[in-house]
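Chain Y: place on chain S using the hints.
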Amino acid sequence: MTGYRPSYLNVFLTFARNSLVRDMSFRANFILQCISTISWTVMNIGFYLIVFQYTDSIGKETGWGRNEFFVFLATTWIINSLVQTFFMPNAQQFSELIRSGNLDFALLKPIDTQFVISFPRVDWAALSNLFVGFTLLCYSLYQLTTKAENPLIIDWRSILMYPFYIGCGTVIMYSVMITLAATSVWLGRNQTLYNFWFYITNFSRYPMEIYKVGWGMALWVFFTFIIPVLLVVNIPARIMARPLNTMNSQMWQLAGFAILATVACLMISRRIFVRALKSYRSASS
Amino acid sequence: MATVASNQRGTGSRLKTWWTILKISLEERFVYRGDFALGTLMRFLPIITQVFLWYAIFAASGKEKIEAYTANGVVAYYMLTMISRAFSSMPGLCSGIALQVRDGEIKKYLIQPIDLLGFLLLTRIAHKLCYYVIALIPFTFVFFLCRGFFENGWPEASVLCAYFLSLIMGFLLGFFMEASLGLVSFWFLEVTSLAFVYNLLNFFLSGHMFPLDLLPDWAAQFINLLPFQYLAYYPAAIFQGTIEPNQVWQGMALEACWLMAFIMIARIMLNRGIHRYSGFGG
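Protein sequence lines, in the order shown, are assigned to chains S and Y.
So the first sequence is numbered by our numbering: it starts at 57 and just counts up by one.
So the second sequence is numbered by our numbering: it starts at 1015 and just counts up by one.
Next up, chain S with everything else stripped away, as it sits in the complex (with noise of 0.2 Å):
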């Protein structure tokens, strides 16, 4: 075994491959699930259709009307999907690998157990919501740059930086994750670990000024700075959806802080992880 170092992109690669046949496999099914993705989607902007039907924007002077709330929703969409498609369904694995002692089988293989546990299945029809996101995105920039009055100009660097801090959120959302159900360790199963996900990263999805009111400044520090949950939709979606010169310099340093809690939140959830693999007992007789 010495010398030997597997190659993480080709495997990765045949992970992807697996699960794309396996879900070509059930083509009907496979559809019907991208409808179902995206129909829950369209539902939700709906939602927030009818809201901007009474307001302008969401909050007092935060900047966030109509279309530029909808760059948001898309970038919210656009992580989701991401961590739906590729984290999502392993995660939801492991707390099953636990309970049934099939994780020897992981610990065996001579790869990166967290590697192995994080990829080997991949969901392609929540990709479908990627898709979603990008129309949505696409569109309400357009409306963005070509309307009458103060049409917005896209700056080169927001180009640059927003997938950058797209590839961040998504980095803090597996962290999350990955730390949520390496607890099912300890916890022997961790059945709910969807809903507490759901939870967490519901704060997520709002523009952080709305909780800059009263008692909702704990839930904002708390949410920037401790599980920062709160950067990582709105950071892209502030670089993208208005001027770079009318950032202000507090929007600049969590911009900053951003890359820090995404590099501190991989490297946290890390040593959780391998924290709970030397509790792990097999469960297998």
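Hints may be right or wrong, so weigh each one.
Computed from the model, here is a short list of chain S residues facing chain Y with C-beta under 10 Å [what the hints assert, rightly or not]:
1. Asn85
2. Ser92
3. Ile106
4. Thr111
5. Ile114
6. Lys116
7. Ile266
Calculated from the structure, these hints are not laboratory results.
All values reported here derive from a predicted model rather than from experimental measurement.
For glycine and all other residues, C-beta sits at the position ideal for the given N, C-alpha and C.
For chain Y alone, kept in the frame of chain S given last:
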């Protein structure tokens, strides 16, 4: 004549059977009470984001009221729909029936003198009763903390009566709607995608996602005729007084019609389905 006599004897023993079923289901449910209470408390977390979202919307709109709601009123509405949903949601009912049809467990209702729908209804009542006993603590706690959102205080006694009636009817309507959906599995073995569509429509049309009054008039008029609103919106609207007291009973009458219709649909589907059904193996 013999059948009449056996029927009379039957009623007593049937009641006993039903009581036993209810008792067993209750005991089964109480096993995981701690987990249950905690899970219920967690379910209120998304309300927090709703509070901030709606306050932001109200602040930006510069209005005191959007349709019939103040900012506090919207939050109170979301909290009340949680109670409605505690009555009308039927987790696992549709998929449970589909599973029993698919793996043949349904046979037991054919050979034992128990009615499938009656049995499921009783286990569901037990499930719900248990849920209320345990969920009462987190619900009271959260509602006490959030009492400020209920600006109008308690409604009148007559409104409260209508409210409770609408909750119970919501429970029955939810049960028979979802049971009918599950019984479709006699015809199609796989109903998961159908159930997903149902849940999606339910979330939107029942008013679980937002108060239905916010919809444009033409849409609201149409949705008011559908049975979905009784699963979340209607009880909450009665409690908050968004529906005029003299119109409450009209809505309830429509609800009763829907309930009757779904009881009949479920019955007919069960009868037809069992005739189609063929059980193989031992």
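The hints, checked one at a time:
1. Asn85: holds, 8 Å
2. Ser92: Holds. Min distance 5 Å.
3. Ile106: Given a least distance of 5 Å, the restraint on isoleucine 106 (chain S) holds.
4. Thr111: holds, 4 Å
5. Ile114: Holds, about 5 Å.
6. Lys116: holds, 4 Å
7. Ile266: holds, 4 Å
Figure legend: structure checked against the earlier numbered hints; every hint is met.
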